[in-house]
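Novice: Each chain, written out:
6 protein chains.
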Amino acid sequence: MFFHNKRLQYTVRVNESNPGLANLMLEQFGGPQGELAAACRYFTQALGEDDPGRKDMLMDISTEELSHLEVIGTIVAMLNKGAKGRLAEGTESEAEMYRSISGGGNDSHVTQVLYGGGPPLVNSAGVPWTAAYIDTIGEPTADLRSNIAAEARAKIVYERLINLTDDPGVKEALGFLMTREIAHQKSFEKALYAMEPNFPPGKLPGDPRFTNTYFRMSSGEPEHRGPWNQGEQWDFVPMTQESAPVDGESGLATVQMTEEDAATLRAMATRTMSNPDSDPLTGAELGMGMGMGKKTGTP
Amino acid sequence: MFFHNKRLQYTVRVNESNPGLANLMLEQFGGPQGELAAACRYFTQALGEDDPGRKDMLMDISTEELSHLEVIGTIVAMLNKGAKGRLAEGTESEAEMYRSISGGGNDSHVTQVLYGGGPPLVNSAGVPWTAAYIDTIGEPTADLRSNIAAEARAKIVYERLINLTDDPGVKEALGFLMTREIAHQKSFEKALYAMEPNFPPGKLPGDPRFTNTYFRMSSGEPEHRGPWNQGEQWDFVPMTQESAPVDGESGLATVQMTEEDAATLRAMATRTMSNPDSDPLTGAELGMGMGMGKKTGTP
Amino acid sequence: MFFHNKRLQYTVRVNESNPGLANLMLEQFGGPQGELAAACRYFTQALGEDDPGRKDMLMDISTEELSHLEVIGTIVAMLNKGAKGRLAEGTESEAEMYRSISGGGNDSHVTQVLYGGGPPLVNSAGVPWTAAYIDTIGEPTADLRSNIAAEARAKIVYERLINLTDDPGVKEALGFLMTREIAHQKSFEKALYAMEPNFPPGKLPGDPRFTNTYFRMSSGEPEHRGPWNQGEQWDFVPMTQESAPVDGESGLATVQMTEEDAATLRAMATRTMSNPDSDPLTGAELGMGMGMGKKTGTP
Amino acid sequence: MFFHNKRLQYTVRVNESNPGLANLMLEQFGGPQGELAAACRYFTQALGEDDPGRKDMLMDISTEELSHLEVIGTIVAMLNKGAKGRLAEGTESEAEMYRSISGGGNDSHVTQVLYGGGPPLVNSAGVPWTAAYIDTIGEPTADLRSNIAAEARAKIVYERLINLTDDPGVKEALGFLMTREIAHQKSFEKALYAMEPNFPPGKLPGDPRFTNTYFRMSSGEPEHRGPWNQGEQWDFVPMTQESAPVDGESGLATVQMTEEDAATLRAMATRTMSNPDSDPLTGAELGMGMGMGKKTGTP
Amino acid sequence: MFFHNKRLQYTVRVNESNPGLANLMLEQFGGPQGELAAACRYFTQALGEDDPGRKDMLMDISTEELSHLEVIGTIVAMLNKGAKGRLAEGTESEAEMYRSISGGGNDSHVTQVLYGGGPPLVNSAGVPWTAAYIDTIGEPTADLRSNIAAEARAKIVYERLINLTDDPGVKEALGFLMTREIAHQKSFEKALYAMEPNFPPGKLPGDPRFTNTYFRMSSGEPEHRGPWNQGEQWDFVPMTQESAPVDGESGLATVQMTEEDAATLRAMATRTMSNPDSDPLTGAELGMGMGMGKKTGTP
Amino acid sequence: MFFHNKRLQYTVRVNESNPGLANLMLEQFGGPQGELAAACRYFTQALGEDDPGRKDMLMDISTEELSHLEVIGTIVAMLNKGAKGRLAEGTESEAEMYRSISGGGNDSHVTQVLYGGGPPLVNSAGVPWTAAYIDTIGEPTADLRSNIAAEARAKIVYERLINLTDDPGVKEALGFLMTREIAHQKSFEKALYAMEPNFPPGKLPGDPRFTNTYFRMSSGEPEHRGPWNQGEQWDFVPMTQESAPVDGESGLATVQMTEEDAATLRAMATRTMSNPDSDPLTGAELGMGMGMGKKTGTP
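Chains as they are written, first to last, in numbering that gives the first Met the number 0: chain F, 0 to 298; chain V, 0 to 298; chain A, 0 to 298; chain W, 0 to 298; chain S, 0 to 298; chain L, 0 to 298.
A few of these clues could be false.
[To be verified] Under the rule of at most 30 Å between Cα atoms (straight-line distance), these lysine-lysine pairs were calculated in the DSSO-like manner:
#, chain 1, residue 1, chain 2, residue 2
1, A, Lys5, A, Lys54
2, L, Lys202, V, Lys54
3, S, Lys5, W, Lys54
4, F, Lys5, F, Lys54
5, F, Lys5, A, Lys5
In short, the hints are calculated from the structure, not lab data.
Work the whole structure out from these sequences, hints included.
Specialist: The structure is reproduced here in structure tokens:
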């Protein structure tokens with residue numbers, strides 16, 4: 000069960016109302032790497048988790064991410080305060096209003112016209128948040144890796160936002176949020192490696208013929224190699240047109256069917272067969288004015 | 000530049016046409032953890048990459064994932080061959096057709112009616128693939144972690160598909176595809192750790208006050224701890240209602256505005272003020288039949 | 000700031016693992032009328048709100064909805080417990096596994112194969128949750144009405160779920176959740192009517208020529224009227240082809256342009272002009288085999 | 000069956016071609032609160048409705064909303080007329096074209112490059128319209144409340160657009176459209192309250208233990224109350240960590256399973272168990288350069 | 000301006016309530032090839048069109064498609080009539096209700112639980128309709144081709160639905176709707192070829208070096224050719240690894256930058272450089288238990 | 000199986016780093032008419048195709064579109080090179096960074112902040128690519144028409160991008176890509192017309208009563224006709240309110256139900272009946288302050 004306290008996890012002091020900056024901050028409110036995604040990711044994992052320690056950790060961090068969502072959403076709301084009143088009250092001339100809404104140089108017009116200056120769950124392009132951002136699949140050796148990656152991404156987006164903000168209060172709060180992503184990544188790393196073994200993820204082993212093979216699929220000079228495909232642990236296999244398939248069989252696809260299905264399929268193939276030896280007049284040729292004198296020109 | 004060879008990377012032998020199984024296989028064709036997602040993920044990273052070795056690796060693996068997309072899509076196409084002809088040619092009675100399309104027990108009706116038995120870029124629920132599945136952000140210490148996690152997820156979904164298929168040819172091809180996810184994860188791990196240092200990701204360091212802190216946000220018994228929040232490297236901080244905010248300030252949000260904006264905002268607040276001391280008749284009360292005699296019952 | 004307690008707001012006792020029922024329950028977890036939508040709706044409104052009383056109410060109810068999200072998500076997780084283990088461990092034969100996953104008769108195959116039996120933020124069709132479900136626009140006379148409607152919808156979907164569940168523990172928890180939607184609707188109603196006036200919403204008055212007019216746009220017998228278009232407060236205007244436009248002007252659209260733009264537009268119109276007096280040979284006619292003898296048959 | 004007349008419901012006179020303003024107008028064409036959403040909402044309700052009077056009303060208003068869609072779409076088309084020709088004919092220098100497309104300060108570049116200056120069904124951020132905006136659930140006590148709210152929202156977005164337009168012809172047409180939302184809201188209100196009773200929505204009553212309870216979930220000073228949680232009709236219950244669960248039971252979740260399922264689940268839990276007493280070396284520590292000398296520093 | 004008549008364009012007689020069949024019919028109501036897509040496609044084109052004849056045609060056909068939307072939506076509503084009452088009134092036992100909702104074998108559970116048996120704007124998988132289905136770009140030589148293709152697709156999906164329906168009234172109405180797609184395709188074909196020339200679409204000519212070239216990108220035996228790449232009008236160019244690039248230059252990408260930008264980019268490349276000669280210990284190796292003895296095994 | 004060569008299909012020389020232009024180019028990378036859509040469209044068709052010649056053609060063109068995706072993505076990456084380094088390294092002042100990111104006048108802020116200057120699979124508005132863009136339905140007479148239309152659209156969007164680029168290297172590469180769309184359209188046209196007959200698409204013939212009928216649905220002066228509805232092949236039928244339905248029957252919808260279902264439906268209708276003769280007090284009237292003195296004013 001959740002509880003709320005009116006104090007934020009971190010104090011927010013915004014120096015100046017600025018709807019353009021508010022719009023950029025939406026990346027970490029309703030964007031793919033933002034706090035709603037983080038909170039939902041860990042919360043749903045916690046509900047499904049059967050290891051009591053990981054369950055507690057996931058719920059703790061999820062709850063903290065909700066508190067971060069409140070911090071970043073509050074920053075957005077504060078940055079929008081001035082704009083919110085102006086449009087609702089219609090106190091400027093229409094021409095001034097249009098200029099101030101369109102002149103921000105980013106998508107803050109959407110936040111203002113559609114969302115009235117509140118903090119909507121969209122990213123800085125106005126794209127609504129979607130659970131398609133969440134990649135939880137219910138297996139901890141995969142989900143913890145997903146969480147580690149998610150924290151790394153969120154850390155970077157905060158870093159970018161810090162780099163383009165000169166409001167010291169906003170900068171400080173963003174610095175706090177960014178730091179917490181580092182701490183969370185560390186926790187998820189500990190939880191992953193406390194599972195022994197955790198690689199390969201899941202239960203089934205790989206096929207030993209292909210576990211240590213690196214297929215070079217991209218030819219051309221120069222070729223750069225590194226620890227990801229060189230060294231004794233790797234079989235480095237440069238693929239050519241002749242190397243397909245890797246199983247040494249035909250490389251073709253086959254399916255067995257009932258005779259009735261096969262006959263029906265042949266009927267369909269016959270009905271939709273193209274005549275390879277024709278040179279039919281086409282719509283494109285009609286469109287070039289070749290309908291009558293056919294095949295006399297090129298576009 | 001890409002080239003194609005008509006032989007598959009791995010030979011596909013399907014034992015029996017089965018549109019229900021085809022539908023489940025779509026998870027790895029047009030699903031979030033599937034091969035299109037993998038190919039697009041590494042391809043877009045390769046285009047933006049400035050390290051020549053990583054760029055080569057990303058393009059190699061992307062090209063292989065395209066080849067896997069062809070393998071899994073071919074499995075789908077083969078499993079659908081029988082159904083495809085039947086609906087197109089209308090050779091069964093309508094009642095039989097309806098039963099065979101609706102009785103599969105999963106969403107294969109969509110694949111058949113809407114997509115005609117071809118392999119569409121949707122998951123097994125019929126949800127169209129979206130680039131929202133791709134979490135690339137253009138910073139290698141984050142993107143490589145995202146790739147590691149993506150390979151782990153794909154490995155698991157293949158494992159699940161293997162667990163519910165008893166067609167030996169399908170099983171074998173899925174086993175190949177699953178194994179390659181293991182090999183790719185290993186390559187991405189090598190590439191990540193060949194960047195020194197790679198943690199914290201990005202350039203800005205964290206705020207040392209909060210980097211090693213674990214906030215316990217979820218109370219209640221029993222409490223389970225582990226290496227993610229215990230040991231000398233962690234400051235374990237149980238949060239209570241009194242601990243907000245963690246910066247020791249007010250925990251409130253403030254913004255500075257021009258006096259004009261502030262006045263406009265006050266005007267809006269006054270216009271939309273709720274009267275806390277009223278007890279207004281409401282629509283719900285009207286809806287309970289309390290419009291005239293007001294507040295005499297409860298729903 | 001948020002806090003969490005390990006006890007649920009309402010005790011959950013599930014009588015029997017049932018992934019098919021779990022899948023239906025997803026409507027109120029990750030569906031459009033579900034608890035995540037409710038929590039996000041009120042939370043974002045609370046952040047933007049300038050009336051202190053409404054802000055408190057919105058945050059209270061949002062926090063409770065998060066607690067409901069935990070209850071319904073826990074129901075899903077419990078209903079899936081049996082299935083989760085079976086697929087992860089691969090303990091059944093593949094054929095049995097396929098039957099149990101495909102035979103449920105609804106989309107539980109997605110929950111199991113893609114999400115591993117955890118509670119994903121999707122609806123019962125597997126469609127990922129999207130913030131497009133949230134209709135907050137940052138104006139309380141509209142948002143409170145949206146909230147009233149949202150609570151009414153959620154109440155109904157719970158009612159439907161109760162009608163198709165015979166597990167007494169699930170039924171009881173759903174009954175609690177359904178009841179709280181009633182209570183929340185009542186609070187939002189009070190908050191709306193504590194704003195005086197609240198209709199028309201916003202600040203601008205309507206044009207008195209059209210505020211009380213009902214346009215009958217749909218003709219044919221029989222015609223049914225009611226308080227929504229009859230009585231002294233309504234001008235009932237049956238529209239005919241002759242009544243357009245309602246402003247008594249031309250009903251046409253005009254725009255003024257610079258002469259340069261107008262000339263460019265004319266050039267484009269000329270370039271893309273269709274010849275109304277031609278009878279061109281078309282691709283469809285080619286496709287019917289009429290390319291040479293043109294216009295002699297019909298499909 | 001539908002019919003169309005070439006005259007608009009309201010005459011449109013646009014003073015000046017302006018693609019930036021056109022882009023903002025898209026909110027009411029293809030945006031969530033726009034006319035397509037309104038028309039589709041009432042049309043689908045009309046098809047499913049069993050009350051003849053409401054069915055007529057819904058079809059009337061749906062048809063009028065289609066006519067409004069035509070008015071607002073025509074405004075967009077007129078505002079784009081100049082830009083449409085210029086890009087299609089390539090009559091300006093590329094540099095001028097780039098400036099005029101990018102310099103508008105909002106997303107009009109999308110409308111021009113992708114949609115060629117026509118009116119696309121997207122909002123002002125370029126997000127395609129989705130039926131996820133429509134919240135109809137097929138129960139009139141809920142749907143009518145949704146309609147009331149939808150009209151209130153549409154009224155407000157028109158008000159905002161009016162506040163930032165100084166073209167008198169556009170302003171006048173927007174004023175007409177805004178006014179009609181007021182009239183429609185009034186009709187839907189009448190239809191709702193002509194159902195007696197209409198609260199609680201649906202058929203099942205609430206649980207009397209929780210119908211009049213207000214749970215205070217958010218603590219901290221100051222506390223603001225109002226008619227939504229004070230007065231004799233409310234039980235005001237301040238929740239603390241000790242109050243969970245509200246049913247007085249354990250607040251825990253349980254599920255009964257077959258012994259076979261339970262054993263499989265235990266096997267999975269054992270396989271994926273984390274070792275709470277370990278202090279494993281992690282990838283993050285490797286990434287900080289701690290692989291060999293382990294646990295000697297912090298990021 | 001639109002008008003409505005209560006009579007359908009085509010009489011609908013449904014023989015038997017059948018929610019499973021209703022669900023399949025949704026493909027042509029809220030699916031990608033359905034009537035809403037058709038109506039919106041032509042309606043938005045009509046608004047932007049500058050040729051008076053095409054504008055009239057587009058509005059005529061759009062209006063007819065709206066009338067078709069009403070016919071197919073009415074079929075859905077009629078097929079759902081029985082189910083709608085049962086769930087709303089809760090007249091069956093919960094177990095019977097669950098079976099009847101889950102046993103349909105397709106996604107009708109969504110239509111019933113979430114949409115209450117009304118006709119929602121989703122496809123047969125429950126995926127909400129999106130304007131991403133509409134491919135209008137505001138250039139008639141392209142849009143008319145898109146319309147021709149859209150009518151062909153809609154014709155086919157109707158054909159499939161006819162093939163699996165044995166209700167004679169439904170079959171007859173579907174036959175009417177299918178036929179009208181044929182007629183509409185014919186109209187759009189006439190309109191396309193009444194533009195002379197219409198190929199290549201748009202204004203800019205192609206580069207004559209590449210207009211008649213067919214690049215063979217896919218090698219392997221057997222090779223099948225046809226009128227699309229053989230005959231005197233085609234230059235057939237088999238591509239090999241050596242043929243890139245086709246312009247005879249380097250095939251590399253270059254960009255000019257300010258020296259400051261170049262220096263910053265170099266700094267970033269240095270910071271994120273991977274060490275190609277390392278053989279780092281990785282997280283995967285830790286996960287295999289190789290943290291201490293490093294590089295001694297394989298998964 | 001796919002292979003890759005490091006040389007592009009066409010050499011890319013970008014004259015100047017320009018993130019604003021990069022953003023516009025995204026239309027053909029991750030936009031609806033872009034190269035990913037093209038490649039996926041033909042690739043999925045190739046997998047399902049049963050005609051060997053068409054299958055080869057589809058795979059050839061799909062492979063070339065992948066190569067185009069690489070060309071356009073490389074252009075995006077090159078145009079972003081300068082911006083990418085600046086934000087990652089934080090070398091400018093925050094205020095300069097903010098200005099350069101927000102001042103571009105289009106959505107390049109998203110590409111930079113969220114995607115770090117890499118080429119994301121989004122369109123120029125930042126909307127993620129979705130498989131909903133792909134309209135393949137698995138029937139060649141429809142799919143080839145869809146392909147023809149898709150090539151026409153892609154050609155036009157390239158033409159627009161060429162019209163607003165003055166970088167000669169970018170212009171040249173775009174010219175190549177545009178030209179190839181022309182060549183591909185020609186191939187698809189040949190393949191369509193090599194199927195004889197190909198109209199009407201599919202197998203079922205139309206109903207001869209309605210195949211050649213044009214319904215005039217839109218009245219009002221002036222009326223423009225053309226080859227799409229005049230000439231001896233057309234029956235031109237002006238529809239009036241009296242002409243519905245076209246089948247000469249009642250134009251009403253009926254469904255047969257079991258008596259039990261009918262009784263349940265009647266019960267539901269009675270429960271949710273509106274009282275047509277009431278004049279209920281409504282929430283809107285309460286909101287206007289009419290709660291006590293009812294019906295005395297208008298908004």
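Novice: Work down the list of hints and note, for each, if the structure agrees.
Specialist: To see whether the hints hold, each was checked on the structure:
no.	hint	result
1	Lys5/A with Lys54/A	26 Å, holds
2	Lys202/L with Lys54/V	49 Å, violated
3	Lys5/S with Lys54/W	10 Å, holds
4	Lys5/F with Lys54/F	26 Å, holds
5	Lys5/F with Lys5/A	21 Å, holds
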